[in-house]
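Trainee: First to last, the sequence lines map onto chains A and B. Counting along the first sequence from 1, when you hit position 178 you're at 178 in UniProt numbering, and nothing is skipped either side. Counting along the second sequence from 1, when you hit position 276 you're at 276 in UniProt numbering, and nothing is skipped either side.
No lab work stands behind these hints: they were computed from the structure. The reader is advised that the hints may include incorrect statements.
No distinction is drawn between identical chains; accordingly, a pair holds when it is met within one copy or between any pair of copies.
[As the list claims (entries may be wrong)] Heads up, simulated EDC-like pairs for lysine to aspartate or glutamate below, C-alpha to C-alpha not over 20 Å straight-line:
(1) K311 x E128
(2) K104 x E356
(3) K175 x D308
(4) K255 x E343
(5) K311 x D123
(6) K311 x E356
(7) K102 x D358
(8) K104 x D358
(9) K230 x E379
(10) K300 x D269
Number of protein chains: 2
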Amino acid sequence: MLLNTPPAPTLTPKLIPHSSLPNLSFPPSTFLPKSKPTRTPFLLRAMIEKETPEAHRPDTFLRDYDASSSSSLSVRNRFEKMIRDVQDSVCAAIEAADGGAKFKEDVWSRPGGGGGISRVLQDGSVWEKAGVNVSVVYGVMPPEAYRAATSANGNVKPGPVPFFAAGVSSVLHPKNPFAPTLHFNYRYFETDAPKDAPGAPRQWWFGGGTDLTPAYIFEEDVKHFHTVQKRACDKFDPSFYPRFKKWCDDYFYIKHRNERRGLGGIFFDDLNDYDQEMLLGFSTECANSVVSAYLPIIEKRKDTPFTDQHKAWQQLRRGRYVEFNLVYDRGTTFGLKTGGRIESILVSLPLTARWEYDHAPEEGSEEWKLLDACINPKEWI
Amino acid sequence: MLLNTPPAPTLTPKLIPHSSLPNLSFPPSTFLPKSKPTRTPFLLRAMIEKETPEAHRPDTFLRDYDASSSSSLSVRNRFEKMIRDVQDSVCAAIEAADGGAKFKEDVWSRPGGGGGISRVLQDGSVWEKAGVNVSVVYGVMPPEAYRAATSANGNVKPGPVPFFAAGVSSVLHPKNPFAPTLHFNYRYFETDAPKDAPGAPRQWWFGGGTDLTPAYIFEEDVKHFHTVQKRACDKFDPSFYPRFKKWCDDYFYIKHRNERRGLGGIFFDDLNDYDQEMLLGFSTECANSVVSAYLPIIEKRKDTPFTDQHKAWQQLRRGRYVEFNLVYDRGTTFGLKTGGRIESILVSLPLTARWEYDHAPEEGSEEWKLLDACINPKEWI
Chain A
1 MLLNTPPAPT LTPKLIPHSS LPNLSFPPST FLPKSKPTRT PFLLRAMIEK ETPEAHRPDT
61 FLRDYDASSS SSLSVRNRFE KMIRDVQDSV CAAIEAADGG AKFKEDVWSR PGGGGGISRV
121 LQDGSVWEKA GVNVSVVYGV MPPEAYRAAT SANGNVKPGP VPFFAAGVSS VLHPKNPFAP
181 TLHFNYRYFE TDAPKDAPGA PRQWWFGGGT DLTPAYIFEE DVKHFHTVQK RACDKFDPSF
241 YPRFKKWCDD YFYIKHRNER RGLGGIFFDD LNDYDQEMLL GFSTECANSV VSAYLPIIEK
301 RKDTPFTDQH KAWQQLRRGR YVEFNLVYDR GTTFGLKTGG RIESILVSLP LTARWEYDHA
361 PEEGSEEWKL LDACINPKEW I
Chain B
1 MLLNTPPAPT LTPKLIPHSS LPNLSFPPST FLPKSKPTRT PFLLRAMIEK ETPEAHRPDT
61 FLRDYDASSS SSLSVRNRFE KMIRDVQDSV CAAIEAADGG AKFKEDVWSR PGGGGGISRV
121 LQDGSVWEKA GVNVSVVYGV MPPEAYRAAT SANGNVKPGP VPFFAAGVSS VLHPKNPFAP
181 TLHFNYRYFE TDAPKDAPGA PRQWWFGGGT DLTPAYIFEE DVKHFHTVQK RACDKFDPSF
241 YPRFKKWCDD YFYIKHRNER RGLGGIFFDD LNDYDQEMLL GFSTECANSV VSAYLPIIEK
301 RKDTPFTDQH KAWQQLRRGR YVEFNLVYDR GTTFGLKTGG RIESILVSLP LTARWEYDHA
361 PEEGSEEWKL LDACINPKEW I
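Only chain A is shown next, with the shape it has when bound in the complex (with noise of 0.2 Å):
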């Protein structure tokens, strides 16, 4: 008994209830007008409903008039099932290859239609912590939001705009300090027309990307990540993987450190200008290749003998991982500004992580390799 006099509790902690927005990783800037990225987006908070735990997964989260058989080739419909598959696919492969653990499952619902999975496997052989999420959201955002986000004509006053976002969310952080983390996000993102303006335009967009975060470099691997990239990419479109890949070297920069989190991948947002199709078919083929540009690594580095000293390395590296998501990434941000499932936006943090002051590893070490990699971003292949 530590305490001399108990406190009086005069609320229970576990009653404090979780508000809601889950790890739903769409863009703020899609809120926001395009010129001013850094403002504080509008507070999403009393636009959702609070979410319900459910005891089974239901066979979709769609509101029934988009999950109704007329609807059920629509983009809503499509990506809702692709992202489900994906969840299926990885978390049995992670599985797998854990070769014991298995995921613990959160499913959650909401009144008026959305929900989402959220499955964590914990303290396993091969993984320190492994969290894979899908989320479909319905909400509601300010008129003013969806002018900027449409270049709609500031005369034009329409009301409040229904919109749509689902996505599939994940971070895997591995215990050997030669495995490297993997984060890979896909999501989709629907407007409807305002209420009180019908004919104004309907919005969508593709947002996503997948990137590798190991704290040593064998170069073998990641020519193996980016060339699985690319590939998924050429399918589509020459462009693609030259520009997402600076998007994603631009975008997981940790700014006050002048590094990268990171060696990079894939990454894009707001995505729109290219035929809907294409882009459905393009984050799914990105969101498939996920096992493939994964698992071969895994396997190779699981079981590679380290010291303390690697481990600490590893640690030190995991603290960026830390620094990035908590301070930089737009997911997280949000999702801790708008009340967002805390539990499903924070699992993309690792198990452990370290802060050493002013650590420099030595000029030509391994760690001082990762570290200029991640300072100098290079072009893999």
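Let chain A serve as the given structure and place chain B on it in line with the hints.
Mentor: Frame of chain A, contents of chain B only:
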């Protein structure tokens, strides 16, 4: 050798210049219209020169005209002396209690005046990481910020406004999970008259506080800590302790968790509505109370036996500390955005931290009691 082909570094990591604002922690709100606290503050980056490492501590970081004998009784002078004395006395007490480890010191200056001393003790026998920094900064703020901060007439168009800021800032993270983390920070801020509006008013503010973050509650420790804070406050104004105790509970609030970082203490900011000499005396009294508020608790708890479970809970609470500092702390986020000296700013982060998915302590357990007190702040005395 991990690499098949070593990458060709195009830039030596150590050559990347650290850019500059030290762990100053003066309130960004001083630069902002009070009604819009969430807007991104203006970029100070271009307005403060880069720091230069120094081999020796100078007698003063003040500019010559501030340091001259005719100015020796100025608040700038006396505040710098106070924070440097406090740095010395706190570091001496920490080293004595740690019984072996020594602080590593980094001194830096800026060509036009100003500079700082960072002291860090890492991996001692009692403290995992202890940082005690002082800094003195001369900078320039845009006229809009000055007008907003001073409520000056909007029709007056002064030029850029020179400012002076000085502070001591410290975070002390012990190893033993029953020994609490301490944070304190005391700072003073002044503006000069705008260069082209010599008649415009000069302004000054004090800010600061001392707060305690244990992983386990020993009620007698928390009472002792708060009693010392109250005693310091009561010497100056009986309204200070209740007001600054509540301000502390409100400030160290992790909104996305609906919990405080720890068990509070005192916090105040932008304070200028009392006699300037009184507030200088009050800040000095608070800073001089740190050792007597904290060290007796450390002496009692530093050798308490603990289990892996106690350590894991401490590490989870350290994770919350990281969340608060990176997401909410105004000094940290402001420093990161404005190009402060990163190693000084982030010395506040613990050596190690942990995030478990959906962790909830058992109701009634010691861990639960701590969490409850973070969710429902108590009156300790």
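Trainee: Among all the numbered hints in the text so far, which are the ones the structure does not match?
Mentor: Structure breaks hint 10 only.
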